[in-house]
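Student: Sequence:
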Amino acid sequence: MQVSVKRLALYPLGVTRSGQIRGALLSPVPRLLSPSTRTLFSETGVWEKDYLKETRRRVEEWWHPRIMAQWQKDAQAEVRKKKFYVLSMFPYPSGQLHMGHVRVYTISDTIGHFQRMRGHQVLNPMGWDAFGLPAENAAIERGLDPEEWTKHNIQSMREQLDNLGLCFNWDREVTTCLPDYYKWTQFLFIKLFEAGLAYRKEAVVNWDPVDQTVLADEQVDENGRSWRSGALVEQKLLTQWFIKTTNYAKPLLDALADLPEWYGVKAMQANWIGQCTGCYFDFKLKVNGEETGETLSAYSSSPETVFGEAYLAILPSHRLLHGTSSVRSALEKAFQPGRDSLTEVTARNLFTGREVPLVISHKEAFDGYLDTVIGELLVCEWVSQSPRNNSKEFSGLTREQAFESITQKAREQKVGGHLTSSKLRDWLISRQRYWGTPIPVVHCGSCGPVAVPEEELPVTLPKLPSLTGKGASPLEAAHDWVNCTCPRCKGPARRETDTMDTFVDSAWYYLRYTDSHNPDRPFERHLADHWLPVDVYIGGKEHAVMHLYYARFLCHFCKDQGLVAHREPFWKLLVQGLIKGQTFKLADSGQYLKREAIDFTGTRGRVEVTWEKMSKSKHNGLDPQEVVQQYGVDTVRLYILYAAPPEQDILWNVKTDALPGVLRWQSRLWQLVTKLRGARQPVDVPCPSLLKNKELAETKKIWENKNHAIQEVTSHLTEDFLFNAAISRLMGLTNTLSSATDRVVQHSVEFEEALAALVMMTAPMAPHLASELWAGCPLLQHGGDVLQQFWPNVDPEYLNVPDFVELSVLINNKACGTVTVPLEVSKDSERMQQLILESPLGKQLIGERGIKRAILSPRTALINFLIDE
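Going by UniProt numbering, the sequence shown opens with residue 1, and the numbers climb by one from there.
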């Protein structure tokens with residue numbers, strides 16, 4: 001049986017660079033030189049010489065449950081620490097992880113471990129974006145209940161995530177298809193409805209003939225095809241639910257200025273919103289002098305001139321010409337193909353009170369996006385009141401003053417005035433499918449649309465005997481569920497049978513994570529205020545417009561409702577690129593081929609070789625579990641972090657330098673610990689006084705390299721998230737330590753401290769390997785395993801030492817030597833002359849000789865003295 005030998009900390013008395021006595025200020029700390037009881041190999045006491053595949057497998061199997069258990073224990077502990085909320089976009093539960101999942105969750109896991117080592121209370125939650133068409137379509141194909149299909153997939157994917165050693169706060173888990181979640185999605189919808197921001201109207205919409213549902217404009221590509229099914233989209237006139245996101249366009253645009261740069265995403269958000277220089281005003285329509293009850297919103301690019309409105313113009317494609325109301329008849333009567341048509345329909349501006357005619361215009365579009373605009377033939381004069389254009393209390397104002405006053409009063413009267421762009425549209429959320437959050441509204445013949453009372457939430461989905469995916473919403477078939485009582489008048493009513501787009505579910509999930517099990521409200525405000533804003537939000541760039549815009553909108557709305565203190569939900573955004581695989585397809589047909597089915601000797605010119613997003617249909621996908629089984633969890637993590645900066649795509653190729661490079665680096669880390677263990681026998685105490693000048697210079701280099709690495713790696717993990725650069729820097733420190741001589745390894749405290757820092761900085765990225773290195777190394781064994789340690793800090797002496805530069809000194813154009821000068825004054829010619837003249841070199845070679853001129857090079861560290869001979 002091997003006995004562990006303890007001794008005092010490896011800090012013998014000596015003088016530090018700052019002049020303090022090393023060791024005198026430190027308490028004796030027990031040290032363990034033999035294998036710790038925490039090491040995998042404690043049973044045998046044998047430290048394997050090399051880090052081979054089998055060793056890697058055993059290390060990861062040993063540490064995997066221990067690391068995850070410790071994370072959960074720390075996450076549930078009641079501690080008063082500064083918070084750090086790292087959030088990765090939650091996945092759709094398809095049943096199988098892909099390499100894109102592995103990339104995003106490796107990044108969030110790394111940041112989570114790093115921030116916890118820095119002393120933060122970390123929230124790194126996980127959940128499931130579980131509603132939507134894929135589950136419904138899969139259920140239809142297999143004759144299953146989509147709920148059963150979804151729950152099975154969630155269980156499968158959770159096991160896969162666990163197998164990858166990803167440390168999530170599983171006690172915060174949310175699943176959007178469960179009633180305890182979508183109850184609060186419905187609650188937020190009702191709040192929007194009560195605020196006048198959720199409304200229902202007829203609209204010409206995008207219809208996917210394959211998936212049998214409406215699509216938002218954002219879900220149709222530039223070729224007019226559905227984003228999911230690929231079908232050519234059709235146009236239909238349907239009554240749909242919208243959320244008036246345009247009311248928040250200007251606040252959402254302005255708030256971007258207060259956020260840090262988001263790798264180009266801020267510009268994408270700003271472009272999506274557009275220049276918010278105009279607004280909508282509401283009009284009541286009349287036919288033959290009688291109001292029809294219909295309200296029409298029309299855009300004005302110059303709200304300050306609204307009192308000069310002369311007509312309302314719509315396009316022939318406008319919904320009014322395709323509906324069933326009396327307005328349609330009047331418009332069809334006046335319509336003349338190819339010509340602008342003045343109609344008998346008039347519109348009363350609810351803000352100005354003016355009544356203007358409705359015109360059908362044949363312009364292809366107004367500003368390229370609009371279908372209803374206010375026509376202004378008369379110009380208001382703001383300096384002196386125009387008798388022709390009485391602008392009421394706004395007369396006599398400058399245009400800028402009128403702009404502010406008119407839009408503000410229109411907002412107060414709730415008849416428009418919200419600044420928005422001409423190209424932004426309200427959010428279409430209706431979907432004619434079953435597997436989604438039911439819209440909590442009933443339709444009453446007497447009362448119209450009525451919100452379901454909050455105490456009756458959730459409105460749960462009924463069980464259906466079968467799903468076909470064709471025709472009207474499947475919920476129409478659930479007669480017992482559809483037919484209900486009006487909450488207001490208690491008369492007969494029908495439930496809304498459209499469900500919500502899944503983007504509504506994901507627009508607020510980051511809030512639910514802060515209080516995921518609350519049965520009484522979506523979240524407690526003090527908990528949301530504690531955790532928000534999300535410190536780092538990580539996900540694919542493909543979600544940088546729609547999802548991010550909707551999530552920001554919902555948070556702005558919640559702030560106005562008094563539900564949260566923060567208007568913006570996310571502080572830093574980290575977008576990651578794709579992991580692409582090599583594809584092979586026939587040039588003539590576009591058919592994708594398996595690599596093993598290609599005879600490369602006879603297919604030149606016939607097979608196109610490209611890199612594309614991984615997909616089973618393209619035969620270029622990878623099963624993460626197979627990759628992990630072959631290379632190990634830590635190797636896959638390091639490859640993903642090292643192969644490219646997060647925002648760039650990774651071209652998966654195991655023959656490149658990235659994978660062999662991280663494999664070699666793990667082995668070199670193992671060798672460093674092996675080297676230290678061999679140099680320090682259990683009874684050995686290092687004695688720095690035995691080191692000679694050359695060896696002391698070597699220890700100084702190690703000390704400087706360690707501090708430089710801590711500075712750079714910390715910066716990369718907090719500021720720019722260049723994990724590849726951080727790993728490169730750690731590889732550099734590894735090289736420095738690997739080249740250390742045996743006597744430096746045996747007697748240098750600097751070597752030991754640098755190795756400790758190296759292992760600690762490796763831990764967030766390769767936690768299993770680092771845990772074993774820490775446990776098996778003769779380092780300070782206090783405070784738990786490596787992930788329990790505090791992140792290393794730069795030594796104060798290093799921070800206080802100014803940067804210096806070696807300045808070459810020339811006399812009359814001849815090199816005479818160098819002088820070390822502070823970098824901060826190296827470009828000051830007068831200071832340089834003074835420092836050099838006071839240096840031993842200057843005193844010896846220049847002395848009292850007359851200086852004609854001193855030339856300090858602006859490009860290189862060189863100064864040339866021209867002196868008398």
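Treat the hints with care, since some could be wrong.
Claimed, not checked - Here are the simulated SDA-like pairs of lysine to any residue, each with C-alpha atoms no more than 20 Å apart in a straight line: (1) 655 <-> 671; (2) 250 <-> 196; (3) 82 <-> 543; (4) 423 <-> 565; (5) 580 <-> 543; (6) 692 <-> 749; (7) 201 <-> 234; (8) 585 <-> 619.
It should be emphasised that the hints constitute simulated quantities derived from the structure, not laboratory data.
A quick note: this is a predicted structure, and the numbers were derived from the prediction, not measured.
Student: Give a verdict on every hint.
Tutor: Here is how each hint holds up against the structure:
1. A threshold of 20 Å between alpha carbons decides the hint, and for residue 655 with residue 671 the separation of about 24 Å lies outside it, so the pair is violated.
2. Note on residue 250 and residue 196: the hinted pairing holds, with a Cα-Cα distance of about 18 Å set against a maximum of 20 Å.
3. For the given pair, residue 82 sits about 29 Å from residue 543 by alpha-carbon distance, which is inconsistent with the 20 Å threshold.
4. Of the pairs offered as hints, the one joining residue 423 and residue 565 is violated, with about 30 Å between alpha carbons and a cut-off of 20 Å exceeded.
5. Between residue 580 and residue 543 the alpha-carbon distance is near 18 Å, which keeps this suggested pair within the 20 Å criterion.
6. With a C-alpha separation of about 14 Å, the suggested pair residue 692 and residue 749 falls inside the 20 Å cut-off, and the hint holds.
7. At most 20 Å may separate the alpha-carbon atoms for a hinted pair to count; residue 201 and residue 234 meet this at roughly 19 Å.
8. Simply put, residue 585 and residue 619 have alpha-carbon atoms about 10 Å apart, close enough for the 20 Å limit, and the pair holds.
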